[in-house]
Structures are given as C-alpha cells and as structure tokens.
Amino acid sequence: MRTLRLPAAAGSSRTRAVAALAAAGVAWGTSVPLSKSALAWLPPAWLVVVRFAIAAAVLLATVDRKALRAAFRAPVLGWGALGLGGSVLVQNAGIGMTSVTHASLLIGCGPVLVAVIAALWHRDVARPVAWVGFALSLGGVAVVAGGQGGGASGTGDIIVLASAMVAATLTVAQGRLLRDQDPAAITAVQFLGAAIGALPVALITEGLPHAPAAGGPGMLAVLAVLGLAAVGTLAPFTLFAYGQHKVSTEVAGAFLNLEPLVGALIGVLAFGDPAGPRLALGGVVILAGIAMSSLPALRAAEHKAALATSG
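For the sequence shown, the working numbering assigns the number 185 to the initial residue and increments by one for each residue that follows.
Be a bit skeptical, because a hint or two may be false.
As the list claims (entries may be wrong) - Computed Cβ-Cβ distance ranges for the label pairs, DEER-style:
no.: 1; residue 1: Arg257; residue 2: Leu387; range: 40 to 50 Å
no.: 2; residue 1: Gly460; residue 2: Gly262; range: 22 to 32 Å
no.: 3; residue 1: Val316; residue 2: Ala395; range: 50 to 60 Å
no.: 4; residue 1: Gly400; residue 2: Val452; range: 15 to 25 Å
no.: 5; residue 1: Ala326; residue 2: Ala224; range: 38 to 48 Å
no.: 6; residue 1: Thr199; residue 2: Leu244; range: 25 to 35 Å
no.: 7; residue 1: Arg311; residue 2: Pro393; range: 22 to 32 Å
no.: 8; residue 1: Pro384; residue 2: Ala203; range: 31 to 41 Å
no.: 9; residue 1: Trp305; residue 2: Pro396; range: 35 to 45 Å
Keep in mind that the hints were calculated from the coordinates and are not lab data.
Heads up, the beta-carbon is just placed ideally off N, CA and C, and yes, glycines get one too.
All chains should be built: construct the whole structure from the sequences, respecting the hints.
See the structure below:
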C-alpha cells in the first residue's frame, strides 16, 4: 500500500497563500481608521481617486509587462471601477456618517456575504462546518464592536452595509478573473480602473480638492492618505489576490474577519479606546471562526492534490 504524500511545493504554496491572506486581513484593519483621518482632507470620491492612483502607479511600474498586457481586459477594468472603486466610494461616504466601530461591524459581514453570493451565483456552497465558522466569526465581530459606541447613524450603517455587499460580490467575481493570470497584474489593472472610474464622480460631485490644512492636522491627513495607499490598499489587495489565486473563495473570504479585529486593536492602542474582556473574547471567537471556516477546505484541497499526485 502506497502512502499518499502532498508534494512539498504544493504544501508550501498553500502555506504562503494562508500567510498572505492573514497579512491582507491585518493590513485591511488599518483602512477604516486611516480613511477616517484622511477624510479630514479629501472628500470620499477624491480619496478613492488618490488612494488607488498611488497604488496603481506603484504596481504598474513593477509588474511584469507580459502579465500586465494579459490582465488589461475590459472585465478587469470594469470590476475595478464598479466593484473596487464603487465599494470604497460608498464605504467612504458611510464612514463619514457613522462610527468606526459600527463600520467595522458591518464590514465584518463580508465573509458571510461572500459565502451567500458564491452559493447563489456560482453554486459554490460552503461546507456546513464553514457556515458555523462564518456565524462564529460574525458573532465575534459583534462582540468586539458592540462594546464600544457613539457617533453611529442608521443611514451611515446602511451605506456601509451596501459597500460590504459590493465588495463581497467583487471577491466572488475575482476568483474567475484570477484564473491563469498574475494576481499582481490583475490587482494593478483593478486599481487603475478604480481611480479612473471615481475621477468623473469626484469632479462632478465634489469639484477640485482643496489643499491640506497648514500645520499638524493637515500633515497628519496627508500621512493618512499615503498610509492608506500603501498599507491599507497596495499591500492587502495584492496579498489577498495572491492568496485567493491559490485557495477557494470560501477560504479566502474567512480571513476578511481579521479586519474588524485589527481595527479594534488600533482603536485601543492608537486612539485610546477602552479595552477589556469583551475585546479579548471577541478576538478569540473571530480567530476560532476563521479556523473553522478555512481549515476544512484547506485539508480537502490537500487531500485532492495528494490523490492527484498518487494517481
């Protein structure tokens, strides 16, 4: 009887994918607080333009030319404009009208929305244990966000939830966009589409942006924009595309729940938000939910790869 072994290259590839997805979730956790600070200078649509224009410029200058030409397709640009740029534009508007904690809670619905949309659109139904994991992570998000308060509005909450639905739809669609493509090249073209798509909206609805305020507050807003472009955009979107290229949509979507947890920790460490048992409990529950929703699918993928190799 022959023992089935997963090739080291395949196993390490999935390990790198999981690490990339985890890093993306952590980096995305900076996006809400950085966006809130950046909105002190740039209005919502201009923040989308500047954020994605900077990120696109970096990737377009570094990605392989052949891969970039292959990725430069209308569907990729379109999903970049409507899915990526549209979701962030709507999210920016909502963040300006509600609290950071409520925004984090609603953005934390992402993995559940991804699973539902994947089931309806692609008939890609997650395993029962994964659905339990989604629910557990969502409960952890509620625990984290429910312990903090102030500054929320129903209208802002609805707008942020709408942005989460658009972003979840993009996540599902991106699984097919990435097929046989360079993830960094796809991300670069999507960034370009987001910046181009938001530009006419910014010009029509907001006019030209004003210069940042003089002194410390203005400098902090500029640094927030640059940090948002690098840490909250370039790094996580590129890492997530790489990770999603290697695993299923349901596995990739599970790591989106790291965003509200990291956002809450940033609130405690950088903004002096109160910490306590609720934050610790919510963090543990979120991580447990991610494990339940992602590990079974990863093991199933490893088993299939092992069978394919042995055959």
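Each hint, compared with the structure:
no.: 1; hint: Arg257 - Leu387: 40 to 50 Å; verdict: violated (26 Å)
no.: 2; hint: Gly460 - Gly262: 22 to 32 Å; verdict: violated (45 Å)
no.: 3; hint: Val316 - Ala395: 50 to 60 Å; verdict: holds (51 Å)
no.: 4; hint: Gly400 - Val452: 15 to 25 Å; verdict: holds (23 Å)
no.: 5; hint: Ala326 - Ala224: 38 to 48 Å; verdict: violated (29 Å)
no.: 6; hint: Thr199 - Leu244: 25 to 35 Å; verdict: holds (29 Å)
no.: 7; hint: Arg311 - Pro393: 22 to 32 Å; verdict: violated (47 Å)
no.: 8; hint: Pro384 - Ala203: 31 to 41 Å; verdict: holds (38 Å)
no.: 9; hint: Trp305 - Pro396: 35 to 45 Å; verdict: holds (42 Å)
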